[in-house]
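Chain order of the listed sequences is X and S.
Add 1 to a position in the first sequence, counting from 1, and you land on the number used in the numbering used here.
Add 1 to a position in the second sequence, counting from 1, and you land on the number used in the numbering used here.
None of these hints come from the bench; they were simulated from the model.
This structure is a prediction, so every number in the text was calculated from the model and none was measured.
There's no promise every hint is true.
Any copy, or any two copies together, can satisfy a pair, since identical chains are not distinguished.
[Said to hold, decoys possible] Each computed DSS-like pair below joins lysine-lysine, with the alpha-carbon atoms no more than 27 Å apart:
hint, residue 1, residue 2
1, K56, K208
2, K279, K24
3, K318, K24
4, K279, K20
5, K20, K214
6, K243, K20
7, K56, K150
8, K214, K243
9, K318, K150
10, K243, K56
11, K318, K20
12, K56, K279
13, K318, K243
14, K318, K56
15, K27, K214
16, K24, K243
17, K150, K243
18, K24, K208
19, K27, K53
Number of protein chains: 2
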Amino acid sequence: MQARMNLMNHENTPEEMIKLLGKAPKVALFSHVSPDGDCIGSMLAIGLALEKMGKEVSFYNPNSVPSYLSFLPGSSRIRQELPNPQPEILLFVDCTDLGRVNLSRSEISEDSTVLNVDHHISNLFFGDINWVEPQASAVGEIALTLISKLGVEIDRNMATNLYTAIVTDSGCFQYSNTTAQTHRSAAALLDIGVDLPNIHHNIFDQKPLAQIKLLQCALNGLEIHAHGQLALMILNAEDFQKSGAEQELSEGLVNHARSIAGVEVAVLLKEVGPREIKGGLRSNLWLNVNEIATLFGGGGHQRAAGCTFRISMAEAKLSITTAIEEALRLGRDH
Amino acid sequence: MQARMNLMNHENTPEEMIKLLGKAPKVALFSHVSPDGDCIGSMLAIGLALEKMGKEVSFYNPNSVPSYLSFLPGSSRIRQELPNPQPEILLFVDCTDLGRVNLSRSEISEDSTVLNVDHHISNLFFGDINWVEPQASAVGEIALTLISKLGVEIDRNMATNLYTAIVTDSGCFQYSNTTAQTHRSAAALLDIGVDLPNIHHNIFDQKPLAQIKLLQCALNGLEIHAHGQLALMILNAEDFQKSGAEQELSEGLVNHARSIAGVEVAVLLKEVGPREIKGGLRSNLWLNVNEIATLFGGGGHQRAAGCTFRISMAEAKLSITTAIEEALRLGRDH
């Protein structure tokens, strides 16, 4: 492994990867913890293509496949046990580093060649051969090219996996990572004939009832401040109890507040423990919420940031509202 | 007009339309009542292209432009007064018939040639020249081809209008009318360089606060029946009063119920008057809600239908719940 680390550089060598995959009789594929549509869909599509070439393929993910992705062709073959022995080619999909697969370098066979296919700008180029395209909305876009370069004709099962990868990681073509190429990839997959209504139903219409109940609580606690520019949602511990929702189901709820006409900044305050309040901040056009979150020891990005308060909900609410109202008052020219 | 009506047929003659538009010095464009992103965006894009060719162009819509579309380049030029005198070429965009523009044939100058560009399967081919493509997700797709055939290079303003037309009428590429061509059109427009975050913010993040409050009421009245297969939402007259929402703001709320995991059919019952209850029905995979709505004198499509009850809310709820539970019990093989 030492030799490998010394060789690490930030060069993309897709053609070398294609050559190696073309020759390998066995390939093990890996995708990251807390799996999403992109890592599962891209891994399965590539694996199915390699199988079509006559190779022996295995799929690994540290976690089980989320139920909303279980419709993906091949998903039942994903294992939570590492392949043993490890084949000569190990292909990591959508992982910035080995830690994303809960693996350390010592767990990787020294005789194996590590291939790294990813789209994160933070990718550590941990592979022997790397193919990292940060401008791709999803690894699905790269996987589509990879499979084409392998000379495999993409079938409906692969297309279903690839379309799911792209539609999930691009936020249904709404996130700012969406490019003309994203749409061209989708067009190519629709040409093959994927069942759009079925895919969209599986991905977008599987909200746990507890999440809808949590939304109900959040809307009941919705407050509008700063002449309509600030929308604040509050979720107390009892809201989670009442709705039966886990903490992570609150993810995305703040967007309901952010999408109200006239709102520049939306905040979700949730009570995660006694005198422990997590704040999630989103802004629309100009307010730098990273600066606001930093005031309270947190951080993030200009349009999405977070922080944790070790005070009561009432105190947290007052603190963040005051800080945001001040920032809004100072305006964008500050 | 009599002569024109006798000539009516269901032939598409886009090349003739391009020829006429190429020659005309003046063109008046028309789009439909209750304007949406497709009719406004397509009309503006075509009009801006014709202007680039040196023509005199006017834009007409019976209603004012909704505020969420006021960012569209050229939107401030749309008038609620008919052009007078009417030029030789009148181009109708996204209209099945003249009634969609609140016009009768007698209001159309006999000296003018009527062009009809639309994507509704129900289009009446009311134009002297027609270009109707029911397989297009939006008129925006047809308008993109039309402008290209005119030989006009599409600029950012036109692209912003066309992208908005497509993204709104295809439900952000989620509706089943989305095709490979829809994505190819989007790719072509992104190549020109539209400001995606700005467009998406204008279109998707302008929910009236009253609509969010109405969603809150609907969620507070959410009921789950038939072992999780039926989700029912109720909006009483006082919910509309309390939230300050007009009737039409309830549109789409039923999808929050439809998107719950395990739900096959979702119903929104809303009280629109004394003993007057409107029912909106949506199904996901197999239940024919058109059949259910027909039982109560309504109708629609297999996956989306509606009906009106002239009974109390409690009675309407019992009637529709019983009918749906029976249909679910009989199952999809019935």
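Hint by hint, here is what the structure shows:
| no. | hint | in the structure |
| --- | --- | --- |
| 1 | K56 with K208 | neither (37 Å within a copy, 52 Å between copies) |
| 2 | K279 with K24 | neither (50 Å within a copy, 64 Å between copies) |
| 3 | K318 with K24 | neither (60 Å within a copy, 64 Å between copies) |
| 4 | K279 with K20 | neither (48 Å within a copy, 63 Å between copies) |
| 5 | K20 with K214 | neither (51 Å within a copy, 58 Å between copies) |
| 6 | K243 with K20 | neither (55 Å within a copy, 66 Å between copies) |
| 7 | K56 with K150 | within (16 Å within a copy, 48 Å between copies) |
| 8 | K214 with K243 | both (8 Å within a copy, 21 Å between copies) |
| 9 | K318 with K150 | neither (54 Å within a copy, 57 Å between copies) |
| 10 | K243 with K56 | neither (50 Å within a copy, 64 Å between copies) |
| 11 | K318 with K20 | neither (57 Å within a copy, 64 Å between copies) |
| 12 | K56 with K279 | neither (47 Å within a copy, 58 Å between copies) |
| 13 | K318 with K243 | both (22 Å within a copy, 26 Å between copies) |
| 14 | K318 with K56 | neither (57 Å within a copy, 57 Å between copies) |
| 15 | K27 with K214 | neither (47 Å within a copy, 56 Å between copies) |
| 16 | K24 with K243 | neither (56 Å within a copy, 68 Å between copies) |
| 17 | K150 with K243 | neither (52 Å within a copy, 60 Å between copies) |
| 18 | K24 with K208 | neither (43 Å within a copy, 55 Å between copies) |
| 19 | K27 with K53 | within (12 Å within a copy, 59 Å between copies) |
In this structure, the earlier hints numbered 1, 2, 3, 4, 5, 6, 9, 10, 11, 12, 14, 15, 16, 17, 18 are contradicted, and the remaining ones agree with it.
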